[in-house]
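Enquirer: Whenever a hint applies, use it, and build me the whole structure from the sequences.
Chains L and S, in that order, are what the protein sequence lines are. With our numbering, the residue at position 57 of the first sequence is 57, and numbering never jumps. With our numbering, the residue at position 219 of the second sequence is 219, and numbering never jumps.
Keep in mind that the hints are not guaranteed to be accurate.
Stretches of chain S that chain L covers, calculated by requiring three or more beta carbons in the stretch to come under 8 Å of a beta carbon on chain L [said to hold, decoys possible]:
#, stretch
1, 51 to 63
2, 106 to 118
Listed below are the simulated DSSO-like cross-link pairs for lysine-lysine, each with C-alpha atoms no more than 27 Å apart in a straight line [unchecked claim]:
#, chain 1, residue 1, chain 2, residue 2
3, L, K10, S, K155
4, L, K57, S, K155
5, L, K19, L, K34
6, S, K2, S, K190
7, S, K34, L, K10
8, S, K70, S, K34
9, L, K57, S, K73
No lab work stands behind these hints, which were simulated from the structure alone. Computed from a predicted structure; not experimentally measured. Backbone N, C-alpha and C define an ideal beta-carbon position, used for all residues, glycine too.
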Amino acid sequence: MKAIVNVYLKNGVLDSQGKAVQHALTHHGFESVKDVRVGKQIIIEMEETDAAAAREKVGHMCEELLANTVIEDYEIEIQA
Amino acid sequence: MKVGIVQFPGTNCEYDTQYAFQALGCETRILWHKEEVIPEGTDLVVVAGGFSYGDYLRSGAIAKMSPIMKALKGYADQGGKVLGICNGFQVLTESGLLPGALKRNEGLHFISRHHHLKVLSNANPFLRRCNTGDVVNIPIAHHDGNYYIDAEGLKELYANDQVLLQYTDASGNIDNPNGSVDAIAGICNKNKNVFGLMPHPERAMEALLGSDDGRAMLEGFLDA
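Expert: Quick look at the structure:
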């Protein structure tokens, strides 16, 4: 199975990179941009064949290493 | 006094740290991250600065999984003194030995220059040779030094006298280079045996090189 993990700064934690990108976009004429957030995506190939088991394991990975839950939130997507 | 200095792949301040503590008359030993025990009789473990694992994923994130970190946690739990400088501070917050987290600098630039710091508390084994209100001149060199802690955590830090150092100008007025909450540059844990700061006292040991204000800071550990 494949797990796709998206990690973002939590709401309320200032995303300086997102603000810089937003600023640049606005200055390049994309004036409809209201907000930009920069995160990271981690793609994991796994031996698991059961989606629920894979999700649980990736949840542990996020808590232990992939995200710093003091400042970041994460989302997990499991693909067959 | 015996000082152990932790070295990960990518650490680059271990020899400066060694120089600093040897200048204070300490016996030093570099501890490779694969070591599983802190040597008997170690009085202080310093997690030195640098770019452990290239700062991949997040600064300090991968280093916290190294074998020596388990030993270091055990050492700290028994009251052993630990000091994290720069990347070492990031490793200690990532591993949960210190509260909060270090984010990318607010201005997104890597900042490398001397900066003034004000001592907010000296009621701990680290800064006891400094006076509260002292302003010291210490180099900073970091990209991810923007200290974050939520409002509740911040309250707790102040309540327990855990905020040790704040970024200021030469007169002691707040001057925040990186966006840190309350311009915090250094903290300790509740038990006051684990310390972390972004600035580099080990690079401020010789007046000839710009400042020797780091001496009084590191000398605090000698009194133990």
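Enquirer: Going through the numbered hints above, which ones does this structure break? Give me the numbers in ascending order.
Expert: Violated hints (numbers, rising): 4 and 7; every other hint is consistent with the structure.
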